[in-house]
Amino acid sequence: MVIRYLAAGLSLLLLTSSALHAQTERRDTLPASVITGTRRLQFDTGEILSTQESIRAAASPLGEGDPIRWIQYLPGVSAGADGTSASFVRGGNMGGNLITLDGVPVYGYSHVLGLTMVIPNDAVGSVSFAKGGFGGNQGNFSASHIAVSSKQPAEDKLQTDLLVNNFLAGGYVTGPLSEKVSYTLSGRISPLGPEYAALKGLMHGQLGSLDHFMAGVGDFYGKFHWKIRDGKTLTASALASLDRYGFNMADGSREQMGWDNIVGSVRYLTTGRKGVSNLTLSYNSYGGTQKLSNEFKGEENHFSLRSKLDEVTLSEDFERYSDGAAKWKMGARLSYADFRPGEVAGGVNRKRVLMASAYLQTLRSSEKVRLEVTLRPTVFRSDTTMFSLDINLKGKWQFLPFLAFEATADAMSQYYHTLEGLPVGWSMDLLVPSVSGIPAEQMAQGYAGLESAFGNHLLSVGVYAKWLDHVIYYKDARNLFNSGISSWQSDVDLGKGDSGGVELMYLYHGRDLQVQASATISKSTRKDFRDVNGGKPFHAPFDRRLVGSLTAQWKGFSATFTWQDGNWVNGRGERYTVLDPSGNEVALEYYSSVNNYQMPALVRLDVGYQRRWQRGRLLHELNVGVFNVLNHINPFTIYYDTKEETWKELALVPILPNASYRISF
Amino acid sequence: MIDSFRDKTFLYLVLYLQAFIACEKVVDLRPEGGGHIVVECILSEDTVQTLRLSLTDIASASLDDAVVSLTDETEGVLVGHFAHLRGNDWQLEYAAIPQHGYSLEVEINGFETVTAHTEMPEKLGIKHTILWRTWPQNLQFDGFPDWELGSRYEIASLPKGPVWICGMNYDSAAGRHVFASTIATSLASADLFNLTGDVYWNAFNPQADKFFEDKYEDPTPPGSLNYHWWYHFPKEYRTTMYKYVVGCPLHDTFLRIPSLEENDDRTAADPKGCFSVAGSFRGSTFSFSDPPPSSQEGYLLFVSVSEEYDRYLKNLLMEQARQSSMKDFASLFSRDNMYGNIENGIGLFGAKTEQELPWIKHNAHGSWNIDFEW
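Chains as they are written, first to last, in the working numbering: chain A, 17 to 681; chain B, 46 to 419.
FYI, nobody ran anything at the bench for these hints, they're computed from the structure. The model shown is predicted, which means the values in this text are computed figures rather than measured ones. Cβ atoms here follow ideal geometry from the backbone N, Cα and C, with glycine treated the same way. Each hint should be verified, as a subset may be incorrect.
Partial list, computed: chain B residues near chain A (C-beta under 7 angstroms) [as the list claims (entries may be wrong)]: (1) Glu69; (2) Val71; (3) Leu74; (4) Glu77; (5) Gly78; (6) Val83; (7) Glu85; (8) Ile103; (9) Asp236; (10) Phe238; (11) Arg380; (12) Met383.
Input sequences plus hints: build the corresponding full structure.
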């Protein structure tokens, strides 16, 4: 019920947004060392590197695309609910994805239930998405690494961007403070709250009983760059984000939810004769709150969940210059984290952990062969000590001028778990550490494929297989809402998972026409949970058999078609009756499996148009479009209506006109 | 700035359109799969065995052509095939034998063969000891044995498995016996899973008090020859029904006595190896006149059950209680299945033996003429 009204409120207040855009002019906004061709995407084995322009081009219901939205159109990625930022890579869990900003993890990366991202696009320099053959400077994940690199502040002149779309308004300024110091500042806020207040009287009735809607959404980013002297720079950056929502219902029930991030880092970079050294100290704080009060069959129910994670990390990375045949990277990280998951009525299940890791990465390349190996030992200390060794391999053999064979192999350990097995429709990013009896999640995967580049075409096809062990499943979701969360360790079960599939990608980059097509056929299961589903295999939540997208851009016009088979949720049981000793019928349900109901397929066509023009010093950019032109009802979630006592399916974004406007000077 | 009326109208229309963007609809959440066969069969020593055969709601098949067979695994012989009676009901003329193992097999087109196994429990050996009453004046003598009105049961032997006890009252409207709603016992080993929250008090059996209340109104004045002074004893010295059960928790309909594996002390806690059972039972009055026909007397039913039936019955009763009072929002997300022992199906194949004993039989042993050992 409350999700419906929140969705209605959000959609009401959407004024315009950009869907897709195509460049009518080409601007090289990236350092030359990144762009090696005219394509926006740069491919490495197991990794795709993109520019800010490509990121913003990704179709999005509320505004410009973001890094998370961008990866959802790539092979091997199964999106979560329509319109959200949830992503499941090669059958992994959502918590298996690591999102970093300049190497610092961002745990609460979504804005507005996942419709956009906390990292402002203006601050994004480039994004790399790795599904395999992971580099050595990051560990503690099991699915993918989305590495966002921020732009360097402008050193020559002041540059300002102002943006307004249907959901966010913000500004971005970058420029020099002095000959040696430059800065970047960015801020965004959402006018949801004031817009709702202004429209409430007009939309009374259509908004139902939604009352006292409160929304506080915003983010701030700042970066200072100091060139101390030749070869030595000091960079300090900070990101803060806030999402808060609350609303009262006519029956007196109330819901509040919110999350926040504070991410800060100081980096000292030295470039010497032998290589480049990067010493970084970072702080990361993530907090989440969810409260729900409702009335069900005359009884009041109150649920409250609050969690917090604070992390401090010191890391050193050294990259030795190539001697022609080989390149070396090495480094170490030391992290201290304080977990307070699910504080309920003052009860705290606090865990402090220490994690130390080192890595050695070597890259050897010749004219036709490229091979990279990374070893990463890790020691993790919570209430017990754990040790693991990550191994990453990737190779490429260009055996023909237009055809290459590439492969990756990975064995990784993840010490931070995200509790799953949640009530349907209830989203919760509850991070917990590995403890005794609950070891690190382990992943092993392999990929092999062919890549062909000829003219303006690029075609890639490959197969992958993944195995997971020590996957966590929260057995009794009811305990999430009472003091039982303080002993979450006794309510989780450990099991395994596996996934396998075929990935296909095609790119064409002509002068006026660009086409990108991707498809994934895969199967992902979970199994061997002693207390879940009787140990039998069951569908992974986002086990979408077929996922595909086709994007075309031509002279400012763009269109994206997306098809994703339905995801799996906990449906009802098979209904039957038995007789009690008195001979009365008793109605029962039999649950044959976890995730036994498949949601309808996600089908969507988005179209857009972009126009840029310059008047004097001002560069204008207008994007207009329609998200979900076919008006297909793509389910966002299912929830239980306590008034009508029935389950309902909620679709968040049917046909949605959108526009965004940006000026730069 | 939007100034014109036309611009404002257009804005409102856009906003109005978007008011309906979030769509919702009722959804069935129908699970994947072809469904399951549901089998319910409890073997007993009765001469006719009954079985109930049905399907879950997503299954589709004809059950009329099902082949349902029962095999005595101890003897190694096929006992027979259940015959379709009507609807979901099937029956087989056969009396199951205690301590024999049985297997059930159900074959239906389009489904895997359903099988199940159980073992008939051993018979109970509970001896009904006394119903006796004495005169209250005897209370004044020290050393006089405790007494009570009602039934006490001596355990001659109990099976190793669990035992269920319930009271049966005659319902004249229904023309048959029905379960008494509450039951209590002095046995400390009784499973506490189905407590009502109340305790047993002799007010549940007001007949005893009424007997003496009637006599208390005796108008014979003190000192007269016919003054029956014993009727004027304080209430606390009057006859008490089931004094060992007074204050014990009341259970909803059934008592479950756990198996020996579950509780080593289950036959203890009552003096001298006996235990008392009381509850909302209706027995004959304490009056010597107009006794009811014996067929309408209430009685206690002692049931020895197979392990599967024990687990299933407890599970089912707890689920019934949960459904009747379901106000917990979080319980909507419970996905626990009812226990069952049917392979490739759902339901239960269990077994039981029964023993009926009187609860309060009119005009049983009187005075202190006892026929049991202290």
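Verification of the hints:
1. Glu69: Check passed: Cβ of Glu69 (chain B) comes within 5 angstroms of chain A, closer than 7 angstroms.
2. Val71: holds, 5 angstroms
3. Leu74: At about 4 angstroms, which falls below the 7 angstroms cut-off, the nearest Cβ of chain A leaves the hint on Leu74 (chain B) intact, so it holds.
4. Glu77: holds, 6 angstroms
5. Gly78: Given a least distance of 6 angstroms, the restraint on Gly78 (chain B) holds.
6. Val83: OK, holds: Val83 (chain B) within 7 angstroms of chain A, min 5 angstroms.
7. Glu85: holds, 6 angstroms
8. Ile103: holds, 5 angstroms
9. Asp236: With a minimum Cβ separation of about 16 angstroms from chain A (threshold 7 angstroms), the hint on Asp236 (chain B) is violated.
10. Phe238: Phe238 (chain B) check fails; min Cβ-Cβ to chain A is 15 angstroms, beyond 7 angstroms.
11. Arg380: This interface hint holds because 5 angstroms falls under the 7 angstroms limit.
12. Met383: Holds - the Cβ of Met383 (chain B) comes within 7 angstroms of chain A, reaching about 5 angstroms at its closest.
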